[in-house]
Structures are given as C-alpha cells and as structure tokens.
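S.K.: In this text, residue positions in the sequence shown follow UniProt numbering: the first is 1, and each later residue adds one.
A couple of the hints might just be wrong.
[What the hints assert, rightly or not] For lysine-lysine, the following BS3-like pairs were computed, each having C-alpha atoms within a straight-line distance of at most 27 Å:
id	residue 1	residue 2
1	36	55
2	167	260
3	45	55
4	90	135
5	260	227
6	130	178
7	135	227
8	178	137
Source of the hints: derived by calculation from the structure; they are not laboratory data.
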Amino acid sequence: MSRRMRETEETDKQTRIAIVSEDKCKPKRCRQECKKSCPVVRMGKLCIEVAPTSKIASLSEELCIGCGICVKKCPFDAIMIINVPSNLEKQTTHRYSKNSFKLHRLPIPRPGEVLGLVGQNGIGKSTALKILAGKQKPNLGRYNDPPDWTEILAYFRGSELQNYFTKILEDNLKALIKPQYVDQIPRAVKGGNMQNVGFVSHKDREIQALSGGELQRFAIAMVCIQKGDIFMLDEPSSYLDVKQRLNAALTIRSLIHPDKFIIVVEHDLSVLDYLSDFICCLYGVPGCYGVVTMPFSVREGINIFLDGFVPTENMRFRTESLSFKLGW
1 MSRRMRETEE
11 TDKQTRIAIV
21 SEDKCKPKRC
31 RQECKKSCPV
41 VRMGKLCIEV
51 APTSKIASLS
61 EELCIGCGIC
71 VKKCPFDAIM
81 IINVPSNLEK
91 QTTHRYSKNS
101 FKLHRLPIPR
111 PGEVLGLVGQ
121 NGIGKSTALK
131 ILAGKQKPNL
141 GRYNDPPDWT
151 EILAYFRGSE
161 LQNYFTKILE
171 DNLKALIKPQ
181 YVDQIPRAVK
191 GGNMQNVGFV
201 SHKDREIQAL
211 SGGELQRFAI
221 AMVCIQKGDI
231 FMLDEPSSYL
241 DVKQRLNAAL
251 TIRSLIHPDK
261 FIIVVEHDLS
271 VLDYLSDFIC
281 CLYGVPGCYG
291 VVTMPFSVRE
301 GINIFLDGFV
311 PTENMRFRTE
321 SLSFKLGW
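Model the full assembly from the supplied sequences, consistent with the hints where possible.
M.R.: In structure tokens, the structure reads:
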C-alpha cells in the first residue's frame with residue numbers, strides 16, 4: 001500500500017462520539033426513524049439498536065460512518081454525532097455510560113501554585129474536579145468494565161498525576177471543595193478568614209437569610225478556614241462585586257503553601273488572571289466531550305482561550321477568536 005493511500009485511509013478513519021439524550025429520546029413514541037434510515041443498519045450491521053425494553057436508542061460508535069442521517073431523521077432531536085481528533089481515543093479519562101459525555105485528559109495541579117481552569121459550561125470542569133478530589137474514580141472510558149486503581153496508576157505512569165493519585169489513595173491528601181450544602185456547616189467554625197472576605201458583620205445571621213453574594217463569601221470562607229491539602233473552588237467570583245472579588249482572590253491566594261494544591265474554576269478572565277499561577281483550558285462540545293490542554297502560563301493560557309486555537313496541539317476549537325474592542 002502506498003504512503004498516500006495510507007494517509008487517505010487514516011484521514012477517513014475518524015473517531016466519532018455518538019450522544020443520545022436520555023431526556024429527549026423516546027423510542028416508544030416514534031417510528032424509530034433513526035434505525036430505519038441508517039445505511040449501516042440496512043447493510044445488516046447493528047449500528048443502531050432499539051430493544052423492546054430499551055428506554056433510549058443505542059448507537060455503535062465503531063460502526064457509525066458519520067453520515068448524520070439519524071441526526072436529521074430523529075423527531076425529538078435526541079442524537080448528536082461528533083467527529084473528534086483520532087489521537088484522543090487513547091487519552092480518555094472518564095465516561096459515565098454509553099453514548100454519554102466523555103472527558104479526555106486531566107488538569108495537572110502543582111503544589112504551591114494556583115491552577116486555573118477555564119472553559120465553557122458543560123465541558124467537564126466539574127467532572128475533573130471530582131476526579132482530582134478523589135470523589136470520582138476515573139474509568140478511562142471503560143464504563144462497563146472499570147479498571148482498578150493499580151491499572152489507573154499505571155495509566156498515569158510517568159506524569160505528575162501518578163504521585164498525586166498515589167497520595168490520594170494513601171489518604172495523605174485531604175481535599176476541600178467549596179461546600180454545596182452550606183446550611184450543614186456548624187456555626188463553631190466561623191472566624192479566621194471571615195474578616196478577609198468582609199463577612200464578620202453577618203456571622204450571627206441564619207444561613208437561609210443570606211443573599212447570593214453573602215452565601216458565596218460564606219462558602220469561600222468555610223473552605224479557607226479549614227485544614228486541608230487540596231482546595232477547590234468552583235466559580236468563586238459569582239454574585240460578587242469588584243471589591244469583593246479582589247478580597248476573595250486575596251483570601252484564596254493566602255492559602256498558597258509549598259505542600260498545598262489550589263484549583264480554581266473561573267469564567268471571569270480578569271479574576272482568573274489575578275488569581276492563577278498557570279492555566280489549563282478546556283474545549284470540546286458541551287454535554288458531549290471535553291478535552292483538557294497542557295498547563296500554560298496565565299498570559300498564554302488566556303490568549304489561547306480567546307484565540308480558540310491550541311498551538312501545541314495544532315487544534316482550533318472555535319471558528320472565530322474572541323476580541324474586546326474599546327470604544328472611544
């Protein structure tokens with residue numbers, strides 16, 4: 001086989017992700033147009049299966065040719081077929097189930113520095129935080145046959161994540177995430193950084209009486225005053241004004257210690273610039289798949305996110321760059 005033919009074959013062989021929405025797909029309320037119109041099914045192959053007891057249709061990503069007919073024929077708009085770079089197939093970190101969201105790679109936190117994560121909603125930032133906190137075991141894409149931790153550590157062999165997960169398993173690292181149920185936090189822990197985030201005047205009020213901004217500052221303070229090794233804050237600047245965002249950023253950066261990891265998810269690029277020491281960008285298709293880039297410096301990472309192009313991967317994830325023009 002000639003070199004040109006091999007290159008053509010490799011180009012044609014693309015990796016595809018088939019997403020079927022559990023909320024939209026209703027095979028008992030349609031004529032199963034996706035299955036009847038699929039050219040692969042007409043050839044006798046089980047590319048799309050809808051069993052009598054199935055709640056949703058099942059698509060085979062290996063057999064799919066990416067024609068997109070099923071996407072157009074579905075009356076409920078429940079199917080999405082997405083082409084992804086073929087080199088990502090071996091870099092799958094986690095997948096919840098068949099025809100569901102897939103996360104590729106993981107951010108790499110460093111002790112003594114603040115790692116910032118930036119990317120649109122539904123791209124896998126919260127999933128990455130759960131995995132790095134030890135609350136979600138990565139299955140490397142094998143949702144039917146999840147690997148054990150020995151295999152997972154072997155997968156990350158040679159990277160900083162191998163030592164990181166080893167410490168997580170040995171209970172040498174305690175992860176703290178900005179609390180979701182703040183009403184369950186005992187009043188006895190109030191103090192410490194409460195003054196730094198401007199919250200001392202509210203310390204005697206009931207949780208239910210706090211506004212959105214007050215709840216945000218309370219949640220940040222609850223994370224910062226506890227003893228831990230990994231501090232994770234998801235959008236700490238939400239509901240806060242400019243002054244409160246600066247105070248919250250100073251409070252978070254006061255946690256920096258040579259033995260502590262700090263990870264922040266932030267959409268406000270100015271706060272991200274002020275808060276982070278290095279940045280990982282996340283790109284992909286919301287609700288379908290997400291890809292984590294390698295760590296970049298703050299300036300380079302923000303520029304990559306704005307440009308929509310990752311030079312180290314030669315990957316353009318947005319057709320147009322984001323630009324901010326000042327009017328005079």
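S.K.: Evaluate each hint against the coordinates.
M.R.: These are the hints, each one checked on the structure:
no. : hint       : in the structure
1   : 36 to 55   : holds (18 Å)
2   : 167 to 260 : holds (12 Å)
3   : 45 to 55   : holds (21 Å)
4   : 90 to 135  : holds (23 Å)
5   : 260 to 227 : holds (10 Å)
6   : 130 to 178 : holds (12 Å)
7   : 135 to 227 : holds (18 Å)
8   : 178 to 137 : holds (20 Å)
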